[in-house]
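Taken in sequence, the protein lines are chains A and B.
Numbering-wise, the first sequence is residues 180 to 471 according to the numbering used here.
Numbering-wise, the second sequence is residues 565 to 1225 according to the numbering used here.
Calculated from the structure, these hints are not laboratory results.
Each hint can be trusted.
The calculated BS3-like cross-link candidates involving lysine-lysine, where the alpha carbons are at most 25 Å apart (straight line), are:
no.	chain 1	residue 1	chain 2	residue 2
1	B	Lys-1073	B	Lys-1181
2	B	Lys-660	B	Lys-855
3	A	Lys-236	B	Lys-1182
4	B	Lys-855	B	Lys-663
5	B	Lys-1182	B	Lys-1072
6	B	Lys-1157	A	Lys-236
7	A	Lys-375	B	Lys-1157
8	A	Lys-375	A	Lys-233
9	B	Lys-813	B	Lys-686
10	B	Lys-1157	A	Lys-384
11	A	Lys-375	B	Lys-1182
12	B	Lys-1157	A	Lys-229
13	A	Lys-236	A	Lys-375
14	B	Lys-593	B	Lys-781
15	B	Lys-1181	A	Lys-375
16	B	Lys-1072	A	Lys-236
17	A	Lys-207	A	Lys-375
18	B	Lys-1073	B	Lys-1157
19	A	Lys-384	A	Lys-236
20	B	Lys-662	B	Lys-781
21	B	Lys-855	B	Lys-1201
22	B	Lys-781	B	Lys-663
23	B	Lys-663	B	Lys-1201
24	B	Lys-781	B	Lys-733
25	B	Lys-1157	A	Lys-233
26	B	Lys-593	B	Lys-733
27	A	Lys-375	A	Lys-441
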Amino acid sequence: MDMGIISAVAYIFLAPFAGALLAGLDRKICARMQGRQGPPLLQPLYDVMKLLNKQTKVINRVQILYLMTFLFFIIMTGVLFFAGYDILLVLFTLTTSNMFLVIAASSGHSPYAFMGASRELLQMLTYEPMVLMAAVGLYIVTGSFRISEIVTSHNLPPIIYLPGVFLGFIFILTIKLRKHPFDLSTSHHAHQEMVKGITTEFSGKMLAVVEVSHWYENIFLLGMLALFFLNGEAWSIALTVVAVIICYFVEILVDNTNARLKWQSMLRNSWIVTAVLGAVNIVIVEIVKGVK
Amino acid sequence: METLVMFLIGFPFISALLLAVIRNNNARKVITYASSVLIIVAALTYAVTFYTLGGMPMYIEEGGRLGGMMITDLADIAMIGIECLLVVLITILGIKYKKYYVIILSVLQTGLEFWYEFSGNKPEISVQNMYIDQVTVIMVLIIAIVGTLITVYACGYMDDYHHHHSDIKDRRPFFFAIMYVFIGAMFGLVMTNNFLWLYFFWEVTSVCSFLLIGYTKTEEAIHNSFRALWMNLLGGLALAGGIVMLGMKHGITDIQGLIADKGTLGAAVVVPVCLLAFGALTKSAQLPFSKWLLGAMVAPTPSSALLHSATMVKAGVYLLVRMSPVMQDQLSGYLVALIGGLTFLAMSMLAITVSDGKEVLAYSTLSNLGLITACAGIGSQETVWAAIMLIIFHAVSKALLFQTVGSIEHQTGSRDIETMHGLVRRYPYLTWTLVIGIAGMFLAPFGMLISKWAALKAFVDTGLHSNHILFTVISTILVLCICFGSATTLFYWSKWLATILSSNPADKKHKNTISANQWVSLFTLGILMILICFTFTSISIHVVLPYIRYTYGVVSEVMSHENIVLTVIMIVFIFLIPALTYLLIARNRPFPKAERYFNGAGTEDQVGFIDSFGNEKKEFLTNWYMEDIFSARLMYKPSVAVSIVLIIAFTATAIITGGGI
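For reference, chain B alone in the conformation it holds in the complex:
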């Protein structure tokens, strides 16, 4: 087990090193494929080993030595070295681009952390560095499978990308290397138990995302990358502050230590937990820090896919889910839940107003992360169940969606939804991967909806069972957020769905030029998505519920058996009914073809009408964006303001009252 852990964290860095030095395009592809396969196999072995060892949460024994030194000691030294390097790197780039504030933030938090570690303020207790339980296994599998498939996809995509964008400097060795560093750091982040290690990997992912966003080095890219950096560094500072407070005031230096003491500590740790949660909120781009993730779209699509699905934003919600037992029924938890609920609703409304496909996906990521955050904040067993399920579904479908939109953009030259009319005839395979992704995001009976359902029920219950009137009101607000947010989510996905599934007689099948490696990634993720929809019951029983039983002691039924059975039956029917209709009715072409109705004479090819002068007028259809109602101007600033007020109000209350109410 120890070897596997070392391999998963260490090997991506070796791949990264190789990818950074090798300039040959084919060699790079071979290395990427091989790394991807090796990492996926290692992750699967890791999962299987966990279950053959009994499937109980455990610490991983550390006895390995390298050259006479304990590996963990070596790792500590390496981390300190790399942290210094990161500060130097940020300083150099900060001076180069005249963004001095990032230097201050970076020096501050690294200084704080070093002071804590070396001044003797850190409690002298031995810490188990590595921990494994079901949540770790889920995260490791997501990062390994989704994350490395994205790098495989990137092999073909980046060829096309530089073919299309000849003005952008080809820095592919750098790009691929950073992606693998990112993956390695994510493995570290989800497997560690030591807060200081968590902090280290946290910083690495922040810097990686900064470097990926700035890939093209255009003015916009640089601007957006620095925004991502300062927001995440601010979060890092809060995280460091939270870790130091926990260590100095409560003698807690590891995650499990924090969770184990939830009963005795209760309200006492609310302030440090708020700080940790603040860090997690910035990383998951929750309000008021949502701008950085929206700006991250300037980077090539594989990096967006990586940031939005398997890595980065998932690190934030991962930490929140880990901390949920401590946040349950505390001020910190209700703060996090409110921020999450607000983000869910506001971002789903904003998603209606944009027509750029990638922008819709970005808003939808923010919105879904909001729901996960809200679930984690409430922290009851039902909501944690929903949060974990949402993480799984979201990772797979979002990676699939980003990659499909990226490929569509390279085929048609645009990623605007309005250019996707008739896509089903022009690019049928891309359309179906897109449909699978979209259906997985919102349509009953697929994935996300099941979690939303569980969350809705759990929020109502929290309100009913809460012992404080304020908390009842907050959970009712969350219920309202879900009611309205479901409707807006439904709207922006279904208009896209209806658009790609519509077609003119004039739309003819195009030959696509998508490389095999892109298809491998797209199809694998598509099949994975369908598989997860069919097997979500077993995922729930064998992975999520054991974790909840272990963490909360008891486990009650989140979804009744009856509802699960009915949901699965519905999934079957949704495929079966169209198939049967085709076989029994439509296949035999029972009805003659009608001309499309134009309220007048249509043109011969049926894509327009003939006007009174006998000229052909082409039809032009667009979707609804309702900018006058949901525009960013009306929505964004107020929701940022509300979220800032919430954060200040809750934190102030927590400090003044010492966490109780």
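Just chain A, with the same shape it has in the complex:
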């Protein structure tokens, strides 16, 4: 319990900085892959500082309410996660917060933002089944939906039983991290047919809110990845660190070696991966665990 409180508090205060560092590192590695020098490591932090000092303009006032609720529920998602509560509750909170981002973006009925919001919904439709399946898989393997119990199961790390689910999760993680080829609703890269998509109508402090919540969210997502490797033994922590670094590097590599796909391909491919890797893996594990 105490451990949970400590890590939840640490998440609230440290996650934005860790997220900013991660984003900076991401940009640096991206640049090196493209043969560029790249910005300083702390550039994302400077960018947000600059945004905070700018005069904000909004197309309507409700946008502010929705965006602040979005930020709040993203932080709450991570807090519940790192405090070790029920993983399904965490995922539902994440969905709720994303809903508020969608509503915030579409509230102004501005063409680019509205279309970006629609695409964001499409992305949610695409990744949601796999995310739930990951939770179910972890439950079957560890016997608990509670994160504090999942990470201290003292079995073999869940990845041993859930390779398919893990690969499926990595696949849809590309959508969540807003990386090529699945960055349909908005992109980190400059070239985007929808201008800035879902964030088109956010400026100044409001855009900073979106950036910061993205940092929070990314740290939470890496936490989700870690669940596949942790089992309460000390060595599993080392394994987790290595595995998470490799996974994130692969995501960056994919980001830089792929072009953006059409939404049909994203939906079809993701659902096929979910149904084949995720579902088959779950059926097998459940039969093995069930019939004993």
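Following the hints, position chain B against chain A.
Structure of chain B alone, referenced to chain A:
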């Protein structure tokens, strides 16, 4: 207690009689309001009496006499008479519209039932006709509150309706009378314990829905109403068959008798239970019988609201929930669960492809009923808990949604989602009732989601603890249905939500012309919905869990205390955070207003852009329907085929193996 039961079943019929003969519009309204109030008060008294008597399930003593005869005997005679009348009515209408097959179905099942009753094949055991427990109380409250509020709403709605549709013959006395017959029959259906009485009320609701769907007498309405009729009569035939089998082979003539023997009977009753469940599946419009409920939309909105929320489809899932203990870990249960899971997934996908608001609601009803059916089929204590909670949440929010869409249609002239852009500025109150309804249907931390959560966990557990590999696979398929179905559900609700909450600067507030009685119904249901979200814990502790403890002997925690607390905290925050942001930040208008981004020059009123010739082009935004992926053409027929194969395969297995595997 006996008086209350008699009042609840009998009084709606008296109201119906009055409404049928009185032609004056104002008198009709007064009668409707008075009936609604009286029925709600009676239902509340019924619930309170149940709890003051100790809150234990019990049979209701029958000693009342009327004119020297036992009331129950009188009721038996009346039922036989009315059943004959129904056959005559169906025959006449069947001949009139040349739909002879309904006559065959109707004669067959009534004949079967009369033969069973009078040929001496019915076991001579005395049956307690009336039963009350927590599930009865929940159903009675839903029917009384949601059902009669819909009739109140109908008073204003039908005025508008005939104002808008001058080509349709005004048959309002008939309409209101049938709605009250429907409500009375539903009370009977959920309160009775005697299978023959259940069958009687079952038939009455089938015929009522048929009459309501055909209200407008257009070609489409007649076609759809007969489809609803034959499907439900087929279900009625299965129900009659199941009742006769139970009586003749197992000597069971009442619902509690069936449940009490679940331990000793086990696999032996699988075939009759399959037949009863088949009847319930048709009534709840599960695959392959979903078409009739989709066709039911042709009727005026109050009747759709009634069919979709408090009555009709709820009768089917009610019977399934009642039978769940018998279906648990049996072939019958897994059949029902698979059909439910399939319906849940297929209908939620189809809901994405339609833009007619009422059609989205219809698909969502089917989808949610599928989830309830799946829960009832699995029949463990956790899933039954989830099923009952889903029934409560669904009844309230669906009634609210249908009525709101009906009112929107009368204000804007369309119920298409694409005409609802900017609704929040044009009709703010209607928008908020719509938002409450939609949020209640899918958004964490509100109602439905909690049940979905419990169901997901319970399905995984069933797979883990099942002793047969086939059942493990089936429950895993159900888990997958929930994973994919949640995503599709999320999609079709949130695009609607985002649309109504968006607005152009050009959208101005419209004056609405919605009558007070419509608002009464809308606001009451809206407030009820929020109340249920906040008090679902106490509903669970005081109503649902006692039922489960009584039925299953033990009760384990369905949702941990910690999760309940966190959920309630989230509900508070979802209201608190926007409110605080408004008070602390947005109220002071801290930021100047920006122009909307058009990637070029916008028009002065900001609802379009200026093209290279200097002409104004209006912006036009629509939602995603993805017809090429989820279209009815690709989805509907295959899922019907799969469900028919499932029904045949399971029933055949059950007959061949005698229920065991």
